[in-house]
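Peer 1: Below are the chains, spelled out letter by letter.
Number of protein chains: 2
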Amino acid sequence: MPPLQLPPNLKFGPFSVTSQVFHLSPSRLSFGLVNLKPLLPGHILVCPVRSVPRLSQLSATETADLFNTVRHVSRTLQRVYRATSFNFAVQDGVDAGQSVPHVHVHVIPRQNGDYDDRGGGDRIYDAMDGEEGDIGKAFLEMQRMRDQRLKDGTRDFAGGPDSDRKARSEEEMKREAEWLRSEIEKDRVEGEGEA
Amino acid sequence: MPPLQLPPNLKFGPFSVTSQVFHLSPSRLSFGLVNLKPLLPGHILVCPVRSVPRLSQLSATETADLFNTVRHVSRTLQRVYRATSFNFAVQDGVDAGQSVPHVHVHVIPRQNGDYDDRGGGDRIYDAMDGEEGDIGKAFLEMQRMRDQRLKDGTRDFAGGPDSDRKARSEEEMKREAEWLRSEIEKDRVEGEGEA
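Going line by line, the protein sequences match chains A and B. Heads up, the first sequence is in the numbering used here, so the first residue is 170 and it goes up one at a time. Heads up, the second sequence is in the numbering used here, so the first residue is 170 and it goes up one at a time.
Quick caveat, the hints were computed from the structure, so don't treat them as lab data. Don't take every hint at face value.
Heads up, the list lumps identical chains together, so a pair's fine if it works in one copy or across two of them.
Claimed, not checked - In silico SDA-like cross-links for lysine to any residue, where the CA-CA straight-line distance does not exceed 25 Å:
1. K355 to S228
2. K320 to I353
3. K180 to D285
4. K355 to G305
5. K206 to V358
6. K355 to G289
7. K180 to R318
8. K320 to D295
9. K180 to E341
10. K355 to P270
11. K306 to G288
12. K206 to D264
13. K206 to D295
14. K180 to M311
15. K306 to R292
16. K320 to S351
17. K306 to T253
18. K306 to E354
19. K320 to F184
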C-alpha cells in the first residue's frame, strides 16, 4: 500500500505523529493512532485532526466523524483481536485524567477474563488513569528518544540498550499501524462487495 | 413546561422510562436520562432511542446524534454542576462491564479532587464497574418497587420504610429530570439568541 496521505503537520497535542497513524477518515477530520503503551492488545486512540482539548470545542460534524470513525475501526479491531466487547472512554479535561490536551477516544478491545491476572476487568480504568496509561508521559519519552537520535546524528537505533529498546518500540508501532491499516482496508473492500 | 413528548413505549433495555428522561434530541434519535445511583452529582446517561446493545449496531446517523447529544447536554451540566472536566464512557458489551443491553454513554461531570475521599479520581471507574454503579441492578430494584406498589393497589408511597425510600428516590429523579430539562432549555434559548 502507498503511504497514508496525512494532513500536513498532523499532531497529537504537541507531538508529531506519522508512523503511528493507521487510519484517516474519508472526510479527513479524524485519525486513529496506535498506542505507545497499550493497556490490552489493540488499545488504540481515535482523535480529531483539529487539535483542541475538549469535546465541546468540536463542531457537530467533527463529533459525528470522530465517533463514526471509532465505530468504523472497531469493526476491524473486533475481528483481528477477537474482541467480544469494547471500552470506549474520553477523559475530557485535566480533572477527568486527560494527559494530552487533544481530544482522544480510548478504544480498548475486551475479552472475557482478559484482565483477571491484573485484578479484574474494572482495573483497566485504574491503569488508564495511572502511571501505566499515562499517554502524555509516554509521548514525551518517545520525543526525547527521537531528539537524542537526531542529536547523535544517527537515523537508526543508537545509544545505549535503553534507547535501543525505545527505538524498537517505535518500529513496532509502525509495523502495527501498517498491519491495522491493511486489515481495515480488507474490511472496506469486503464491505463494498456486499453493497 | 409541557411534558416531553416521548416516543411511544420508550425503553432503556427492558425497562420503561418516562419520568427520568430529561432530554430528547431534536431528531428524536437520542435521549438523556438521570441516574438511579449517580456516582457523582450530575452523572447522567445518554442513549439511542432504538434499543440495541452495541455501538456497532447503530447507524452513522444514530451514532452522530448520540454523541452530539452528549456534547449538547454536557454544556448545561458543566454550568449547573460547575464541572471543569467530564468522563465519557461506554461499556460496549458484557465483557466491558455493560449491565443493561442498550447502548448508553455515561456522562460524569468532574471537578478537581471530587473523588479524593473515595481513593482518588480514577476510582470512579471502579465504582462504575462495581456494585455501586450497577445500573441494571438499580433498575431491577426500581421495577420491583413499582410492581409491588401496583400489586398493593397503591399509587403513592406505600409499603415499609424501605420501599418508601425507594419511591422517594423515584420522585427525586423526576424532579432532577424536570430541573435539568428547564436548564437545557435556558441554554437553547440563549444559544439561539447568539446566532
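Peer 1: Hint by hint, say whether it matches the structure.
Peer 2: Verification of the supplied hints:
Only between protomers do K355 and S228 lie at most 25 Å apart by alpha-carbon distance; the minimum there is 21 Å, versus 30 Å within a single protomer. With identical chains, the CA atoms of K320 and I353 are never at most 25 Å apart, being 37 Å at best within one copy and 54 Å at best between copies. In this homomeric assembly, K180 and D285 never come within 25 Å of each other (Cα to Cα): the closest approach is 35 Å inside a single copy and 33 Å across copies. In this homomeric assembly, K355 and G305 never come within 25 Å of each other (Cα to Cα): the closest approach is 32 Å inside a single copy and 37 Å across copies.
Taking the shortest Cα distances, K206 and V358 never come within 25 Å of each other, neither inside one copy (30 Å) nor across copies (45 Å). For the identical chains of this complex, K355 and G289 are neighbours neither inside a copy (34 Å) nor across copies (43 Å), given an alpha-carbon limit of 25 Å. Taking the shortest alpha-carbon separations for K180 and R318, only the intra-copy value of 20 Å comes in at or below 25 Å, while the best inter-copy value is 58 Å. In the homo-oligomer, the alpha carbons of K320 and D295 never lie at most 25 Å apart, since the shortest distance is 36 Å inside one protomer and 44 Å across protomers.
When the C-alpha separation of K180 and E341 is checked against a cutoff of 25 Å, the pair qualifies only within one copy, where the shortest distance is 20 Å, while the shortest distance between copies is 46 Å. For a Cα distance limit of 25 Å, the shortest separation of K355 from P270 qualifies neither inside one copy, at 33 Å, nor across copies, at 30 Å. Within a single copy, K306 and G288 get their C-alpha atoms as close as 24 Å, and across copies as close as 23 Å, so both meet the 25 Å cut-off. In this homomeric assembly, K206 and D264 come within 25 Å of each other (Cα to Cα) both inside a single copy, at 22 Å, and across copies, at 21 Å.
For the identical chains of this complex, K206 and D295 are neighbours both inside a copy (14 Å) and across copies (21 Å), given an alpha-carbon limit of 25 Å. For the identical chains of this complex, K180 and M311 are intra-copy neighbours only, at 14 Å inside a copy versus 47 Å across copies, given an alpha-carbon limit of 25 Å. Proximity of K306 and R292 under a CA criterion of 25 Å is satisfied in both settings, with 20 Å inside one chain copy and 21 Å between copies. Taking the shortest alpha-carbon separations for K320 and S351, neither the intra-copy value of 34 Å nor the inter-copy value of 59 Å comes in at or below 25 Å.
For the homomeric pair K306 and T253, the shortest alpha-carbon distance between copies (22 Å) is at most 25 Å, but the shortest distance inside one copy (30 Å) is not. Within a single copy, K306 and E354 get their C-alpha atoms no closer than 31 Å, and across copies no closer than 41 Å, so neither meets the 25 Å cut-off. Within a single copy, K320 and F184 get their C-alpha atoms as close as 18 Å, which meets the 25 Å cut-off; across copies the closest is 62 Å, which misses it.
Comparing the model with each earlier hint shows violations of hints 2, 3, 4, 5, 6, 8, 10, 16 and 18; every other hint is respected.
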